[in-house]
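Asks: Residue numbers (the UniProt record's numbering), protein chains in the order written: chain S, 1 to 344; chain C, 1 to 263; chain B, 1 to 267.
I should point out that these hints are in silico values taken from the structure, not numbers from a laboratory.
Here the structure is a predicted model, which means the values were calculated and not measured.
The reader is advised that the hints may include incorrect statements.
Each computed SDA-like pair below joins lysine to any residue, with the alpha-carbon atoms no more than 25 Å apart [to be verified]:
(1) B/K160 x C/D223
(2) B/K160 x B/V180
(3) C/K7 x B/A158
(4) C/K124 x B/A9
(5) C/K7 x B/G90
(6) C/K7 x B/I184
(7) S/K183 x S/M239
(8) C/K48 x C/D223
(9) S/K242 x S/T218
(10) C/K124 x B/I16
(11) C/K7 x B/I16
(12) C/K159 x C/R95
Derived DEER-like restraints, expressed as beta-carbon distance ranges [to be verified]:
(13) B/G127 x C/L9: 49 to 55 Å
(14) S/A200 x C/K159: 29 to 35 Å
(15) B/L24 x C/I41: 50 to 56 Å
(16) C/R260 x B/I246: 51 to 57 Å
(17) B/R4 x C/M123: 34 to 40 Å
(18) C/P182 x B/Q118: 51 to 57 Å
(19) B/L15 x S/Q104: 19 to 25 Å
(20) S/Q83 x B/L91: 44 to 50 Å
(21) B/L15 x S/K108: 52 to 58 Å
(22) S/R224 x C/D157: 36 to 42 Å
(23) B/L15 x C/D157: 53 to 59 Å
(24) S/Q83 x B/E159: 19 to 25 Å
Listing some non-contacts, in silico: residues in chain C with all C-beta distances to chain B over 10 Å [to be verified]:
(25) T46
(26) Y51
(27) E55
(28) L65
(29) W66
(30) F73
(31) L114
(32) A155
(33) F176
(34) P182
(35) W207
Beta carbons: idealized from backbone N, C-alpha and C, even for Gly.
Residues per chain are reported as follows:
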Amino acid sequence: MTLRLTNTAKTYPDGTRALLPTGLTVDTGEVVSLLGPSGCGKTTLLRIIAGLETPDAGGEIWFDEDNVTALPVERRNVGMVFQSYALFPNMSVRANIGYGLKMQRLPKPEIDARVHEVLDMCQLGDFSHRDIAALSGGQRQRVALARAIAPRPRVLLLDEPLSALDAALRETLRDELAILLRKFEITAIFVTHDQDEAMAIADRVAVMSQGRVAQSGTPEELYRNPQSAFVAGFVGNAMQLKGQIDGSALMLPGGVLPLQQDGTGQDVFVRAEDVLVDPTGPLSGQVESVTFLGTHYRVSIRGIMTDVLTSIFPGQNAPKPGDTVQISIKPEALMLLQQTGSAE
Amino acid sequence: MFNSKAKMLQLTVTLTACAFLLIPTILSVMAGVTANYFQGISSGLTFKWVYKVWELYADSIFLSLWIAIACLFVTLIIGLPAAYGLARHPGWLSRLLEEFISLPLAVPGLALALALLQLYGSMKGFRVSWTFILVGHVLYTLPFMVRSILAVLAAMDLKTLEEGAASLGASPWQRFRDIVVPNAMPGILAGALTVVTLSIGEFNLTWMLHTPYLKTLPVGLADSYASMRLEIASAYTLVFFVLIVPLLMAMQWASARAQRIAQ
Amino acid sequence: MNNRNFVLACLTPLLIFSLAFLALPLVRLFLASGEGDAGWAIYLDILRKPRYLNTLVLTVLVSLATTFAALAISTTAGMFLSRNRFRGRGLLLSIMTLPLAFPGVVIGFLIILLGGRQGLINQITPGHVVFAYSVIGLFLGYLYFSIPRVLLTVMAAAEKLDPALEEAARTLGASPYRVVVDVIMPGLMPSLIAAGAIAFATAMGAFGTAFTLATNIDVLPMVIYTEFTLSANIAMASALSIVLGIVTWILLLIARSLSGTTVAAGG
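Based on the sequences and whatever the hints tell you, model everything.
Replies: Structure below.
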């Protein structure tokens, strides 16, 4: 199914504009992630697609050739996985998964067959008669997914489906979820505030900020080619190198960096992994702190710019706090973005 | 708590209070099965007073049971959807409505009965029917039913559960039937037992609303205290205890369970 | 039907019922209070006429006495029962909560069995000791009614007190007495005020107990009853009911805002 939203906005009765007029198209079988900090409007957008919120007048939601804008949620045939899973505590795993099929008034044998199929697909066969209360967090998450998918919805909507899990489990289930979504071959929209999650699961990521989609593209595009300071900062934690630009040179308190092109009117960003400790580097600063993170060290350096500059140090002999270090950054690693005026 | 002397004092107060509450109850039970209370136990134990009570007051016992069941039925019909409505629409208007229907908890039954009598007393058919008493009982017990269910509903994430059901294609009515009611069950059970217990024991309103032909159990009790010999009054009280004590215990059990769930 | 309409439909039976049988009757009661010879000045009459003023004073005094006695007894017993685990504790607790389901009339009768002409005290003491029909009997009846209710409130609050607070006070060198004064009592205070308000309000409005015991005592519920049935002074009965209702309502409002619970009251 192709999902198409045009001019969709949401203003709450108290005047809060949760979502500014937004257009979005999701192709058949595509998994799109809505990524952004809390309050950016991503969940509102998802709930509007589901039919749990009504968009402001003028917005339209199309499922293929059907305009579903006026349809209530129960008649849209969407599958939804909630942040808290919203599993019915009064029903067993099996009854939860079969509920949507029951609502479609399918004959009992068919319900049983479909529930069985989904249970298998999500590896829940052993738990089918359990109470919801007797399940672990990861199992609940899979039941929620199975329940959403069982009625064969036109689109699958997932609202922060991993955020209720602890960190270790989250990573395992993230990959599992990515595989399952491909297996279902379903159009899916996935809301998250975690960039790793978005990148691991989605074909395409729409980064949202302050009620609008800031940029949309494949994970690689967003990472390598951010079009705004916000996207650069939110995806991959890019740091702004604050200094004076003079043609194709960036003058920092700690030294001068060459740029690949004329940087007039642009802001310059860099990621920590591109900030290299290099005795021949043009910049010099003082190490403020060093954090050991297993595969690498994170080194905070002061004196290169007003703020602290972070570098990833992969080797064995990390510099010590107080050391003076030379830093180099490859010109191609610098991202030049049009100045927006605001600090963000 | 701090030293044994203080502890002894506390224990003494506790035991004295227990004695104060228990002894008259035992006296009443004894008097109900003693042949002649004046002469004491030595006059022999008998069930003749209980039989006598059955002869005299069986109607009032049945009327009380009947009204309690009817009251349960009505409070469920009104209270269950209302609790759901209040839970789904939290806000000052709901708070106000909840506060308003809870007035009968605070305002003495006597005052409510006077109010009902003055507005509906002239509607003769209604005034002399058992439904007039029923209205009083529903008025008094409804807030217990509503709050008991509301407490359980408020403790769960009802809105999200319903959204979950809606996303699976359930209509508002199907959500109410499949999600709301089953999950509210502990509250419904606690509320139901409270309603029945309170209805069977209700006196303040009922005394004002009843007619000579429609006496409930507590009205009959007051009647027997005023006009019957002590043994009959006691035997009648005994019958009341037998009815109400198991209900009270069930009610306390169910309320504790609902409260655990509501936390 | 959309969701909003469904939810509103759910509230409709409640709205209809409480409008017809609560709102309108109360409005009627209020209007009736002004329909007597004195008009709205009837509310001043309550304070001016000795019969009503004395009734008010007596009712308040008996209720106050009940409140403080119930608080003292139930707090002591409640703290004891919630802080100690021993054989028979459950039994004591059952005995003390059993009267929750007893209507006022039954409690009146129990007081008669204790202090009436054929009562236990009269039988086991020399001389003629009959107190059931006096103010003392009424007080004991109200006390009987209030002890279980106050006890449950106190115990619920005692269980919620964080034991770590007491332990912290101990580690800081507080004596057991200071722990009670500085930690336990302040922690219990909202519940004690709430329980006191409940006890006071129920004593003010207790009709059943007064009906069996107070045939010769002018307490508010009995005066309302006799004004209505014997004197047919409907305006005064209504006015007194309104005053009584407002007082008890405000008290229970205070109680609920402090403790968040209302113990199931019985007739």
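Asks: If a hint holds in the structure, say so; if it doesn't, say that too.
Replies: The hints, checked one at a time:
no., hint, result
1, B/K160 x C/D223, "violated, 44 Å"
2, B/K160 x B/V180, "holds, 15 Å"
3, C/K7 x B/A158, "holds, 17 Å"
4, C/K124 x B/A9, "violated, 31 Å"
5, C/K7 x B/G90, "holds, 18 Å"
6, C/K7 x B/I184, "holds, 16 Å"
7, S/K183 x S/M239, "violated, 38 Å"
8, C/K48 x C/D223, "holds, 19 Å"
9, S/K242 x S/T218, "violated, 28 Å"
10, C/K124 x B/I16, "holds, 22 Å"
11, C/K7 x B/I16, "violated, 54 Å"
12, C/K159 x C/R95, "holds, 18 Å"
13, B/G127 x C/L9: 49 to 55 Å, "violated, 30 Å"
14, S/A200 x C/K159: 29 to 35 Å, "holds, 30 Å"
15, B/L24 x C/I41: 50 to 56 Å, "holds, 54 Å"
16, C/R260 x B/I246: 51 to 57 Å, "violated, 36 Å"
17, B/R4 x C/M123: 34 to 40 Å, "holds, 36 Å"
18, C/P182 x B/Q118: 51 to 57 Å, "holds, 54 Å"
19, B/L15 x S/Q104: 19 to 25 Å, "violated, 35 Å"
20, S/Q83 x B/L91: 44 to 50 Å, "holds, 48 Å"
21, B/L15 x S/K108: 52 to 58 Å, "violated, 40 Å"
22, S/R224 x C/D157: 36 to 42 Å, "holds, 41 Å"
23, B/L15 x C/D157: 53 to 59 Å, "violated, 26 Å"
24, S/Q83 x B/E159: 19 to 25 Å, "violated, 33 Å"
25, T46, "holds, 18 Å"
26, Y51, "holds, 20 Å"
27, E55, "holds, 20 Å"
28, L65, "holds, 15 Å"
29, W66, "holds, 18 Å"
30, F73, "holds, 13 Å"
31, L114, "violated, 5 Å"
32, A155, "holds, 14 Å"
33, F176, "violated, 8 Å"
34, P182, "holds, 17 Å"
35, W207, "violated, 7 Å"
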